[in-house]
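Chemist: Throw the hints in and build the complete structure from the sequences for me.
Protein sequence lines, in the order shown, are assigned to chains A and B.
Residue numbering for the first sequence follows numbering that gives the first Met the number 0, beginning at 0 and increasing consecutively.
Residue numbering for the second sequence follows numbering that gives the first Met the number 0, beginning at 0 and increasing consecutively.
Pairs of lysine to aspartate or glutamate, EDC-like flavour, derived with a Cα cap of 16 Å:
{"no.": "1", "chain 1": "B", "residue 1": "K183", "chain 2": "B", "residue 2": "E171"}
{"no.": "2", "chain 1": "B", "residue 1": "K215", "chain 2": "B", "residue 2": "E91"}
{"no.": "3", "chain 1": "A", "residue 1": "K211", "chain 2": "A", "residue 2": "D24"}
{"no.": "4", "chain 1": "B", "residue 1": "K1", "chain 2": "A", "residue 2": "E261"}
{"no.": "5", "chain 1": "B", "residue 1": "K215", "chain 2": "B", "residue 2": "E88"}
{"no.": "6", "chain 1": "B", "residue 1": "K1", "chain 2": "A", "residue 2": "D239"}
Rather than coming from a laboratory, the hints here were simulated on the basis of the structure.
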Amino acid sequence: MKLQLTKDKTIEIKFPSGGAKSVSDITGVELFSPGEGECPAIRLVHRKKSWHVAASGFVKPPDGELPMRWEDTPHQPAWEFPRDFASPHAALAINSPMATFAQSTADAVVQDMTTGLAAQHDERQPGGDKSSSDGKRRFGIKREQSTQLAPKPAAKQEPSARKPAFPSSGMPVSENGRRFVVRPMSEENFHLCASLPEFQTLWLSRLLPEGKRPTASSIQVAESALMASILLQPEFIAADGSALAIFARSDATYLAGYKKGEPVLWRRCPGVGGILAMRDAVRKTLGLDEELVDSVLNESLIDPRPALEPFVRPILGQLSLSLDYLTGKHGLKFDHAFLMGVDAGASHWSRYAEESLHLRLVSPNPFDGLALDKGVDAGDASRHLIALGAAIAGAEVSA
Amino acid sequence: MKASSFHLNLLRQNEVLSSSPVRLRIMLPVGATLACAGLLVWWGVLFTQIILAKTQAQGIEDDLTAKNSAHAEAIQKRDLARELKLQLEQLEYYKSGVRSIGEPLAKFAEVVPLRVQLKEMSITPPKPQVLMPPGLKVPLFGPTENVETQKLVIAGLTTKETPVVSLMESLENGFEKLVTSEHKINSFKQDNAEIDGRKLLSFEVEYTMPERRFAK
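Modeler: This is the structure:
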């Protein structure tokens, strides 16, 4: 709580219950998931020294759409959850075309903070220098950026006039109309950096009304939540937190590396789509209806190799590069990698990986390692991967 | 392994809202306002009590001042009364010390023989009293001694000794208020005066009078 004493002086009172630390009951929700009408939600409760899935399902999305401009933010819906998900805290994982999540150097993060929306706005102007913000030392993705400037700061400041300070780990900072948060990676000089336009963050922060369960204690970018989703996997814990993972989403595929429970690698497979692209390729190549795609991928009556292999090969190529990087740079050797988010055809992925990389792909149920309460269905777990990751990260679970 | 390494929370600490129906940001100012109001009421009560106590104290002080002067007056009057009482007591002493010698003196004329001519009857003045002893600012009211002794001196002329002896014998009975038995003949001698050709004798007898007692 902030109390304004004078015009320039405010004091901040921190209440112990306000933080996300020592959260033992949290609901993770994925918002605006592509291809999903409703929001996947999962409630994690820490009980008897273990984490339980108390509820899993889908909640009705908030009224209205995610604002794409400052002008849209006054329309603020109030979002309420069903009773099953009425935990004290909620971790929201947001799919926004204006969000960024990347593995960056400190310089690249500061550069991002310096340019922010203003530079991205300039890039879209005729004659704008697009290469300037590509970030040569930058990995991962940079999704479509907002063309909207923050109302006042961006208009007043020249991008090059002031160099913003590198933010402290885990402390969100606002620069040039965006909110940034960084976490150091296991590799020196590298950081995970997530950002979201300020107006979207504010809109999300007020989405769950005060005084009703739950209220937002964490707002994460969906990719960030995805990366945390395997932390409670028994195989991951058995490998002492060192692993290589493929995360397949509906629109993109990502590779993540972990070393002793700390992040060392995060990158998007360039030129490769997600699950939807894979299914589309299978459907078109084999001439199938949408309803038959799952059957073809899960059963062995029809070999989907001609359709699947062209999609999987580039991913395995990137996996090979990542494997070499982790082996050479960090001395990590793997005989298997995690494949997460693939509902159908995971066995084919594994076979192709064994053929080309001598690497086994394991595709565990995302709820493995968690106790399931009565009535919780683990069959649809892949669709809750991001919600699960958001809850795990939001609760700051330690295994 | 800690998930905090993967928790890239874009929500600021001050934006975290409480899910509790009891909202601290409302309850805190309300509580503070109530506390302030309580303090104000308490202060008001205290202030009123102080004002009342001050008024009461002022009243008591005024009363005390008035009573002090009255008390001083009373003390003064009491002292005066004591003084007057003492004076009265002293006067009582004198009253009891009054000599009633009128009756014996009237009777004395009857017992004086024909051959005696009294020339003088005097009572010696009492011993002077020291009413202002050294160190005393106010003189004593007296008497300083409880007993005062005086002498009655009878002087006269006679023709011979016998009438004088007769007078002295007469004084031995019935004149206790005037003289005691203790007496002294100061002189008895030939006088120059004559009567019928005969030389007269002068005499002077000193009687001790009864003690004059100053007592209640």
